[in-house]
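Chemist: Just so you know, the sequences run in chain order A and B. The numbers in this note's numbering rise by one with no breaks, and the one at position 28 of the first sequence is 78. The numbers in this note's numbering rise by one with no breaks, and the one at position 77 of the second sequence is 127.
Just so you know, the hints here were simulated from the structure itself, not pulled from any lab data. C-beta atoms are modelled at their ideal positions from N, C-alpha and C, and glycine is treated no differently. You may find that some hints are simply not true.
Here are some of the chain A residues that sit facing chain B, going by a computed Cβ distance under 10 Å [unchecked claim]:
(1) Arg75
(2) Ala92
(3) Thr114
(4) Leu165
There are 2 protein chains.
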Amino acid sequence: MKVPTIRYYENIGLLPSPSRNDGNRRLFEQADVKRLSFIRHARELGFGIEEIKELLKLSDDLDTSCAAADRIAKSHLEQVELRIEKLKTLRKELNRMVEECSHGRVSQCRVIEVLGNHSHCSGSH
Amino acid sequence: MKVPTIRYYENIGLLPSPSRNDGNRRLFEQADVKRLSFIRHARELGFGIEEIKELLKLSDDLDTSCAAADRIAKSHLEQVELRIEKLKTLRKELNRMVEECSHGRVSQCRVIEVLGNHSHCSGSH
DNA sequence: GCTACATCCTCTAGCCACTAGAGGAGCAAG
DNA sequence: CTTGCTCCTCTAGTGGCTAGAGGATGTAGC
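Based on the provided sequences and hints, a complete structural model is requested.
Modeler: This is the structure in structure tokens:
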């Protein structure tokens, strides 16, 4: 995780502004580090900033029901599954395209031909 | 495909500026439509604008070897495969997270817990 | 103490591929 | 001739950072 990213998170209010030393440098406490690692992990798992904001608010509130967190995670999972399906369709079309190319001139190129003519595709995308 | 998208393509030089009628409106010829449909299809297949620029240049040049087009398509296919693998890893982690949640208070929430502690994860991401 | 160098500071602007909106002009149907 | 739709140009915003300018501070070795 790069330094400007941390400052960016501070800027958009995802991370509280940490205290500073005499030379105006940020001093991160344990709590800041923990929060940051939460954010990083959530980003690695593909959650968006707004979702992370909600999740952080929830995680500060130990006594609420975790239904909201559950909902966010499930909806994110669904998004990921959708994206996988879309990419698989893409992969199929790209594979066909590349495999059918006979490596000759552009005028007979399957890649160029398929791009210009959607009807060669098996599915919709 | 939305109207502003077409104008955007014209702006960035992907599409030649079409002729206009007396009221300054764009008149698209058959060739423009064909080019646009090539672009749309390539975008649907996930190619980036720069890649599309190259592919268009190639498709105008019927006598060149199609090796370059082949290379672009193959490299794009590899990117797609990489993204699928990453998303599958994500899906696995998200699934575990959601399934292990016992729907109680935030303090015992598996979702929140996992996000705060990477060591619960099986793989790296 | 001095010097070199790394790291920090703030701020602005850029990335991709659009999308939204303002404010105005043209055009066809009734 | 009005109503309502589309078109025109232009600027600014989206997400999630990243790059760079220009300056301050901290640290390691001598």
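Chemist: All the hints need checking, so say for each whether the structure fits it.
Modeler: Hint-by-hint comparison with the structure:
no.	hint	result
1	Arg75	26 Å, violated
2	Ala92	5 Å, holds
3	Thr114	5 Å, holds
4	Leu165	5 Å, holds
Checked against the numbered hints above, the structure violates only hint 1.
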